[in-house]
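Undergrad: If you want the building blocks of each chain, they are given just below.
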Amino acid sequence: MFTKILIANRGEIAVRIIRTCREMGIQTVALYQSPDRDSLHVRMADECVLLDAPDGFLDQDAILQIAVEKRVDALHPGVGFLTERDDFIARCEQAGIKFIGPPARIVSHMRHKLEVVESASRAGFPTVPRSDCVVNEKDIAAVGKEAQRLGYPVIVKSCRGGRGRGSRLVMTPDRLGSAVRRAQAEALTIYGDRQVYLEKAILPAHQIGVQILADNQGKMIHLGEREGSLLSGNQKIVEEAPSPCLSSALREEIWRAALELAALFEFENVGTVEFLLDERGNFFFTEIKPRIQIEHSLSEMLSRLDIVKEQIRLAAGEPIGMTQSDVHLLGWAMQCRISAEDPRKQYLPSPGYLQSLHLPGGSDVRVDTYLFNGCVVPIEYDPLIAKLLVWGKDRESCRLRLSRALDETRFLGISTNLSLVRRAVEQPPFVAGNYSTESSPALSVEDTADELLLRDLAIAAAIAYWRRRSSFQPELPDRLLSGWHRDSRRLPS
Amino acid sequence: MFTKILIANRGEIAVRIIRTCREMGIQTVALYQSPDRDSLHVRMADECVLLDAPDGFLDQDAILQIAVEKRVDALHPGVGFLTERDDFIARCEQAGIKFIGPPARIVSHMRHKLEVVESASRAGFPTVPRSDCVVNEKDIAAVGKEAQRLGYPVIVKSCRGGRGRGSRLVMTPDRLGSAVRRAQAEALTIYGDRQVYLEKAILPAHQIGVQILADNQGKMIHLGEREGSLLSGNQKIVEEAPSPCLSSALREEIWRAALELAALFEFENVGTVEFLLDERGNFFFTEIKPRIQIEHSLSEMLSRLDIVKEQIRLAAGEPIGMTQSDVHLLGWAMQCRISAEDPRKQYLPSPGYLQSLHLPGGSDVRVDTYLFNGCVVPIEYDPLIAKLLVWGKDRESCRLRLSRALDETRFLGISTNLSLVRRAVEQPPFVAGNYSTESSPALSVEDTADELLLRDLAIAAAIAYWRRRSSFQPELPDRLLSGWHRDSRRLPS
Amino acid sequence: MKKLTVQVDGGLFEIGLGIQPAHAADLVVEVDGRKIHVQSPNGSARDAASEWFIIEGRPVEISIDEGFGWIETRWGTFPLRILDQTRASAPPHVGDGRVKAPIPGQVTHVAVRQGEDVHAGQPLLVLEAMKMENEIRAPKPGTVALVNVKPGQRVALNELLLEIQ
Amino acid sequence: MKKLTVQVDGGLFEIGLGIQPAHAADLVVEVDGRKIHVQSPNGSARDAASEWFIIEGRPVEISIDEGFGWIETRWGTFPLRILDQTRASAPPHVGDGRVKAPIPGQVTHVAVRQGEDVHAGQPLLVLEAMKMENEIRAPKPGTVALVNVKPGQRVALNELLLEIQ
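Residue numbers (the working numbering), protein chains in the order written: chain G, 16 to 508; chain C, 16 to 508; chain P, 630 to 794; chain W, 630 to 794.
Take these hints with a grain of salt, some might be off.
[Unchecked claim] No farther apart than 27 Å at their CA atoms in a straight line, the calculated lysine-lysine pairs in the DSSO-like style are these:
| # | chain 1 | residue 1 | chain 2 | residue 2 |
| --- | --- | --- | --- | --- |
| 1 | W | K664 | C | K360 |
| 2 | C | K324 | C | K304 |
| 3 | C | K304 | W | K729 |
| 4 | G | K19 | G | K128 |
| 5 | C | K234 | G | K408 |
| 6 | P | K760 | G | K128 |
| 7 | C | K360 | W | K729 |
| 8 | G | K360 | P | K779 |
| 9 | W | K760 | C | K128 |
| 10 | G | K408 | C | K408 |
| 11 | C | K234 | C | K160 |
| 12 | C | K215 | G | K408 |
| 13 | C | K128 | C | K215 |
| 14 | G | K304 | P | K760 |
| 15 | P | K760 | P | K779 |
| 16 | C | K85 | P | K729 |
| 17 | C | K128 | G | K408 |
| 18 | P | K729 | G | K360 |
| 19 | G | K360 | P | K631 |
| 20 | C | K85 | C | K324 |
[To be verified] In silico negatives: residues of chain C with every beta carbon more than 12 Å from chain G:
| # | residue |
| --- | --- |
| 21 | A105 |
| 22 | K160 |
| 23 | E201 |
| 24 | Q232 |
| 25 | I309 |
| 26 | P375 |
| 27 | Y385 |
| 28 | F387 |
| 29 | R425 |
| 30 | R484 |
[Said to hold, decoys possible] Chain C is nowhere near these chain P residues, computed Cβ spacing over 12 Å in every case:
| # | residue |
| --- | --- |
| 31 | G640 |
| 32 | F642 |
| 33 | K664 |
| 34 | I683 |
| 35 | E685 |
| 36 | G686 |
| 37 | R687 |
| 38 | V689 |
| 39 | E690 |
| 40 | P708 |
Hint data in this document are derived by calculation from the structure and do not stem from the laboratory. All of these numbers come straight from a predicted model, not from anything done at the bench. The beta carbon of each residue, even a glycine, is placed where N, CA and C say it ideally should be.
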């Protein structure tokens, strides 16, 4: 087993990886850039190094140099950043530092998403209907025919692309020509290659991912599926496992397809086989994510396995050491992504000083966060500040526990999407387990309430207003600097 | 099902019960005395009432009156306080308010501990060897003979007592006479009855409790055993489930005995059948606790059942609705009791203003607490401030997770027994799972460390000292009152 | 006695205060002429952003922004309007057409030019912060009177971006 | 330069400070003549009870009591002694025989009388607080010179309970 791991990431995922390393008795080295110097992952690691590089967590040279200097045996990329950079993985391999993730050749293969889909298609797996690569926008009649064959809506996609950049959704035939022209121009700019193709748009859809663990002897197991269809903008906000929209027969079929697809690509380490599901129960393979995902924790709650621990073990060359029948997926899990965004400013990012936080507790509640009282949420990174997860023995008890946990949560000093998440969990399609990518919760900030509650809130608001406007100010600094005063609980009246 | 429950308790257990009620859609009414007016359970409840009564949470009249006025259907006593007062339970029953716990007749029976033990003994269950009640201390020769028969050490106990008051441990024959005299005098003062008896002292021992759920149709299941042998003073500090000292055969035997004993006493609702286990694997029934215990949460982690939810369901007259074979006890759980006690003052209670707290997060960690940033730990109540639990797939991974979680925990402003707990978890007998009631961790506050760590700590201490003594003070109030300043992360150097 | 008109969501209430000092732990307020007892356990607590009260035995925890425009609670977030009848000053006026940076960040794209007519909600520019591209839209219809920033420019919180007349 | 002698558990160190201001984010200290680089990310943070440093790349989070008698860390709690060589004043003297209430509470039992000889560690009285009976023991051997409290009496923090000479 490894003795020291460099964590090439920050925020909640770095904290989460350090926790597992500590439980495994593995030393950790944290990286930080200057805005993050006071961040929790830095304090929790055994060692920390300033990442003083222009490209930050994407700077391969700087990160490799630190890895070598700190004499780590392995490097964990977390999520995002260098997770899918096969060139970096190859450099780690050359430097004798184990990259915790699949080998470079697999990641390199997975990055070519169209090739992956075509291979899967040739092997007989269902994939989203698509055209061949279109090279010439002048023959718009031929393109139109192809779109007609697939059926509208269609998506124009770059043959080289990934991550959806340069993709365009076309709802009706009259918009096709300009969409193709623009997509080609964009593809040329971004990827240096103007080839695009058409894909049928699955709308509404369900986004289903099956968690896979695979060792280097070809043994594989899955930890069931997750559904991440509830979006706000393009961000997943509430995810759950299992998926509420699958029959047991369909679920078994998707699990089997996921394992077979992972085997087809000789997948190793930890990844997710992703599918789109349409309203009629057809599923289509889309890609394999060769890394842990933010929502991996959902599968941890159902299987009671630590996926990062398994990932480290697998990267160290250990066998899986269990069979599919040893995996028991029990109950239901839901996860919310809490972001520093201001609902009163159209969900703009809301970084800043976190005066105080109160996290939910009790049974089967899990919070992964890098926040602490008095920390600063830096403006330089993405706004995800916490993952809140709960488990329940069935979907409804899980959902009620999530509501309860959200009610307990408080962030003072920064704005968050907490009220949006709370509303998402209460909206009828989600309550019924009958939602899709088209069921975004209302982004409005307003809720409804009965008259008595409104009156109570008006009273509370009036007193709060009066107090803040009144010339008498409570003596805050004094109390803070001198610790506890019994009397301070009540001021002279 | 009930629509509104009065919670006749405070602190972490009140918070814990409110959480379950909210998840069940049941309204809650909280009680508070004036020192507790800002406490978390009050804020979390749907309604709250000042308990303005001289006897506080023991004041039956006042609490019943509030229950009636607030039109609750049921009352949850929590742990301690009115849990084992059969007179109160009878009054609730008369008032048409369901007491969440066993019926009065069962609690009344359980309170007569000696009778319970004698009944069990007559029914053939092993109990701790004891003498008949001794009425006369003058015949010290007969008492001595009885002690000789049981074998030293022995305990002199009141025939009326419970909770250990008036009990005296006698290690050698020469101390027997005076111990009997003093125990009789105390028994007379406390219970109005000078009758005492001798019981063999099981030293060292293991304290084992089996969690029982029983409905009012005579159906019963158990949720396995817990071990609570690691004491500091007379307080349990670290508990675990399952017990590490039982063979599977012995475990099965104790489970069977627990169910049979519960059946013997026609037990209903939720309770714990308690045993002492000696070093040779003999177990002795001691009592049935007719209520939830602080450590019930351990069994929740293994069974993934919510015991308070089951308790409320059972009190409402619902059947258990599952059989023993539906209960799957998986993995290992450990619980620490965090108390506001000052290790630097011989573990005296340490109430006060909690400036800031940081609780551990991540997978399979549970915290039950009534603390929040800026709260006051009142001097009027017991010093238990938080329960910290973790789950692991086996004992060692559970223990390592507990260590990790303890490392993350911070309380600023009050002193706690955290360092004692951390040491208890690291001491060799606990690591080996080979400890007993005689394995109390050292109460000393000192730990050991290597030279480099000591040097780092000396540097840190020197800078901290220098800063606090230096005339330049950071401008705290400004920063606090005006929110986030980007610059405040770094002072001019 | 101080009088406030408070609108929370659809509810409009006349509230009288000032029978006791503002920071008293026990208060009586008048709502539409009726006396209501309110307790304020943490009247002196440090967290000015979160306050909690016991109103006729119901615990109510709230959080209100600096501008008194929103009230957040565990029952949801509601728009708030407070009219102070004993103060001359109204709440600060917004919507004068000056578009300011709602967060610090970097301008990556400016979509309009001086003199251009815009409709309410039309994208004006893109401000990058926290790895997100945030579209700033026109708060009202009008003509762009001033464009104060260029693509690539870093802006501070509340810095003037452009003005609509 | 400021010089401190710091004893942590068994380790004794001579530490030189003052090359930069106390609250600088980057510090150099001298330990037994060697220069050590220390970073102090939250040099200005509010939680005076907990401080954290990066010492040669190792994160070190500590909590020190007001009297500088103990240092708490995630590696354990250690006794601390700081000798300030540039200050005349020594740390406050303890152990003068005056036994003060370590917590507020109620005296439930007094076990000694004035004039009685006691040995170190002998129970003197019982102070009830937080539902616990807390035994207060003699800090050193001597004669009870004064008993200042009676059973049933409530005492405040640091109130004189009795005196041993």
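Undergrad: All the hints need checking, so say for each whether the structure fits it.
TA: Checked hints:
Of the pairs offered as hints, the one joining W/K664 and C/K360 is violated, with about 37 Å between alpha carbons and a cut-off of 27 Å exceeded. For the hint pairing C/K324 with C/K304, the CA-to-CA distance comes to about 18 Å; that is within 27 Å, so the pair holds. Taking the CA atoms of C/K304 and W/K729, the gap is about 40 Å. The hint is violated against a cut of 27 Å. For the hint linking G/K19 to G/K128, the alpha-carbon distance of about 33 Å lies beyond 27 Å, and the restraint is violated.
A C-alpha spacing of about 22 Å is found between C/K234 and G/K408, which places the hinted pair at or below 27 Å, so the restraint holds. Restraint check: the Cα-Cα separation between P/K760 and G/K128 comes to about 24 Å, which is no more than 27 Å; the hinted pair holds. Annotation: proposed proximity of C/K360 to W/K729 holds, straight-line Cα distance about 12 Å (limit 27 Å). Between G/K360 and P/K779 the alpha-carbon distance is near 22 Å, which keeps this suggested pair within the 27 Å criterion.
Between W/K760 and C/K128, the direct Cα distance comes to roughly 24 Å. Compliance with the 27 Å bound is thereby established for this hinted pair. A hinted pair counts as satisfied when its Cα atoms are at most 27 Å apart, and G/K408 with C/K408 qualifies at roughly 19 Å. Restraint check for C/K234 and C/K160: the C-alpha separation of about 45 Å exceeds 27 Å, so the hint is violated. Distance restraint check for C/K215 and G/K408: the Cα-Cα separation of roughly 45 Å exceeds the 27 Å cut-off, and the hinted pair is therefore not satisfied.
Taking the CA atoms of C/K128 and C/K215, the gap is near 16 Å; set against the 27 Å cutoff, the hint holds. With a CA separation close to 21 Å, the supplied pair G/K304 and P/K760 stays within the 27 Å bound. Only pairs whose Cα atoms come within 27 Å are accepted, and P/K760 paired with P/K779 is accepted, the gap being roughly 19 Å. For the proposed pair C/K85 and P/K729, the alpha carbon gap of about 52 Å is over 27 Å, so the pair is violated.
For the given pair, C/K128 sits about 37 Å from G/K408 by alpha-carbon distance, which is inconsistent with the 27 Å threshold. At most 27 Å may separate the alpha-carbon atoms for a hinted pair to count; P/K729 and G/K360 meet this at roughly 12 Å. A distance of roughly 32 Å separates the Cα atoms of G/K360 and P/K631; the hinted pair therefore is violated under the 27 Å criterion. Of the supplied pair hints, the one linking C/K85 and C/K324 holds, its CA atoms being roughly 22 Å apart against a limit of 27 Å.
Every Cβ of chain G is farther than 12 Å from the Cβ of C/A105; the closest lies at roughly 32 Å, confirming the non-interface assignment. Listed as outside the interface, C/K160 is consistent with that label: its C-beta sits roughly 53 Å from the nearest C-beta of chain G, beyond the 12 Å cut-off. Look at C/E201: its CB is around 35 Å from the nearest CB on chain G, clear of 12 Å, so calling it non-interface holds up. No beta-carbon of chain G comes within 12 Å of the beta-carbon of C/Q232; the shortest separation is about 23 Å.
Distance check for C/I309 against chain G: the nearest CB is about 14 Å away, which clears 12 Å, and the non-interface claim stands. Taking the minimum C-beta to C-beta distance to chain G, about 9 Å, the non-interface status of C/P375 is violated against the 12 Å cut. Listed as outside the interface, C/Y385 is inconsistent with that label: its C-beta sits roughly 10 Å from the nearest C-beta of chain G, within the 12 Å cut-off. The non-interface label for C/F387 is inconsistent with chain G: the shortest C-beta to C-beta separation is roughly 5 Å, within 12 Å.
Its closest Cβ contact with chain G, about 8 Å, brings C/R425 to no more than 12 Å, contrary to its assignment away from the interface. No Cβ of chain G comes within 12 Å of the Cβ of C/R484; the nearest lies about 15 Å off, and the non-interface call holds. Every beta carbon of chain C lies more than 12 Å from that of P/G640, the smallest distance being close to 20 Å; the non-interface claim holds. Distance to chain C confirms P/F642 as a non-interface residue, since its nearest Cβ pair spans about 21 Å, more than 12 Å.
At roughly 18 Å, the least C-beta separation between P/K664 and chain C is larger than 12 Å, which holds for a residue marked as non-interface. Taking the minimum C-beta to C-beta distance to chain C, about 6 Å, the non-interface status of P/I683 is violated against the 12 Å cut. With a cut of 12 Å on Cβ distances, P/E685 falls inside the contact zone with chain C, its closest approach being about 9 Å. Taking the minimum C-beta to C-beta distance to chain C, about 5 Å, the non-interface status of P/G686 is violated against the 12 Å cut.
With a minimum CB-CB distance of about 6 Å to chain C, P/R687 fails to clear the 12 Å threshold, and the non-interface call is violated. Not every C-beta of chain C lies more than 12 Å from that of P/V689, the closest at about 9 Å, which undercuts listing it as non-interface. In this structure P/E690 is not separated from chain C by more than 12 Å, as the shortest Cβ-Cβ distance comes to only about 6 Å. Separation of P/P708 from chain C is adequate, the least Cβ-Cβ distance of about 22 Å exceeding the 12 Å criterion.
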